[in-house]
Amino acid sequence: MTFDIKRQESYSRGELLLRTFFGFIYIIIPHAILLLFVGLAASVLNFLSFWIILFTGRYPESWFEFQVKYMKWNIRVNASFFNLVDGYPKFGLNQEHEGVHFDVAYPENISRGSVLLRFFFGWLYVMIPHGLILGILVYAVLIVNFIAWWAVLFTGNYPKSMFDFQVKYFRWSQRVSLYMAYMTDKYPPFTGSFDPEYDLPVTNDSIDENAEN
Amino acid sequence: MIENSQSIYYPLPQPNEIPEREREDAMGSYLMMFAAVAVALPLPIINLVAAVAYYMVNRRKSRFIHFHTLQSLLSQIPTTLLNWGLLIWAAQIWFFDHLETTNYFWGYLITVGLANLLYFIFSLLAAYYARKGQMYYFIFFGKFSYHQVFSRTKSFKYEGEGDITIENQPPKM
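From first to last, the protein sequence lines are chains D and C. Residues in the first sequence are numbered consecutively from 1, following the working numbering. Residues in the second sequence are numbered consecutively from 1, following the working numbering.
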């Protein structure tokens, strides 16, 4: 998985205020309406993928790409709403944000046993341990986000440690989502930091590919 | 692919010519019958909406996918109508007839049940063959879909096909 949100050198205070007071209306509501329908389609494909993997051992490639694009759209909106990037998140599955990089390598095969294990016991060995930590961390993220908001308002810069903390949270939760959506066989590590065994670094090539799309 | 310029139909792609990705996309069209189960909303319209959406998104990918998505969509229409009929009738019995059923209702219920069972079996079979890169024709819908997709009289542009303007024509006999 490649997940990164690029910290800008400076942030627009005007956009920050606009997002804070009206972001719910002009970002969240329109995106949420569309994402609701796309999310329904994603959940249908996810449900069917489970059965397809059981029978064929493969996640259908174009369905996999659809799920990645859907996740990317969600991340784009979240990054914007959490003030991690400036600019309005683009609508659509094929769109990109220059500061947000997310990609998942397509696995040729998915373990059927692992899929069954996740289906029946995923709540036990994934959702409880990861969910518990992420559930607690989300409060820390909200507090950090609140403090960072003031920092950006007064300085125009996002404090690096606060920025990284939030990116790590999103990376961690994304890994858990990928695993529970049967899109990878790798059990998510208990960290949001870059993990060379799990993550691929953002390269110039991947940035170029994103820009071309 | 066996090309026959005299044929009024485009040649059928053979299994070894169809990439796995296309086969999976074609197979997926038949699995849209489970969409209502996936969203836990047992309304007959959900499957049809899913089939229409799947058809619209995938039809331009290739003729093989177009054929299977169209056949899947068309074959779902009668089942959906039958299920709607059953749903409305059952709702009427539940709300207005104090759960008093007639033999007509039971006859209809069994018919709809059988239709769904047949639809289920044949759709799974079609999904299996689509995954293997093979054509599988339903009664009536198969012929109709084949004609719609493979007939040379139908002008439909697929991904990867450039804008071909036909200027050169054979001499008129």
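Hints may be right or wrong, so weigh each one.
[What the hints assert, rightly or not] Okay, derived cross-link-like pairs now, SDA-like style, lysine to any residue, Cα gap no bigger than 25 Å in a straight line:
no., chain 1, residue 1, chain 2, residue 2
1, C, LYS132, D, TYR70
2, C, LYS132, D, VAL202
3, C, LYS61, D, TYR70
[Unchecked claim] Computed beta-carbon distance windows for the label pairs:
no., chain 1, residue 1, chain 2, residue 2, range
4, D, ASN109, C, THR101, 45 to 55 Å
5, D, PRO107, C, ARG152, 50 to 60 Å
6, C, PHE140, D, LEU200, 28 to 38 Å
Since the hints were derived computationally from the structure, they do not count as laboratory data. The C-beta atom is built at its ideal place from N, Cα and C for all residues, glycine as well.
Hint check results:
As the CA atoms of C/LYS132 and D/TYR70 are separated by approximately 28 Å, the hinted pair breaks the 25 Å bound. This hinted pair does not check out: C/LYS132 and D/VAL202 have alpha carbons roughly 37 Å apart, beyond 25 Å. For the hint linking C/LYS61 to D/TYR70, the alpha-carbon distance of about 20 Å falls within 25 Å, and the restraint holds. Between D/ASN109 and C/THR101 the C-beta distance comes to about 50 Å, which sits within the given range of 45 to 55 Å.
The hinted range of 50 to 60 Å is not satisfied by D/PRO107 and C/ARG152, whose Cβ atoms lie roughly 40 Å apart. For C/PHE140 and D/LEU200, the hinted distance range of 28 to 38 Å is not satisfied, since their beta carbons lie about 50 Å from each other.
When the structure is compared with the earlier hints, violations turn up for hints 1, 2, 5 and 6 and for no others.
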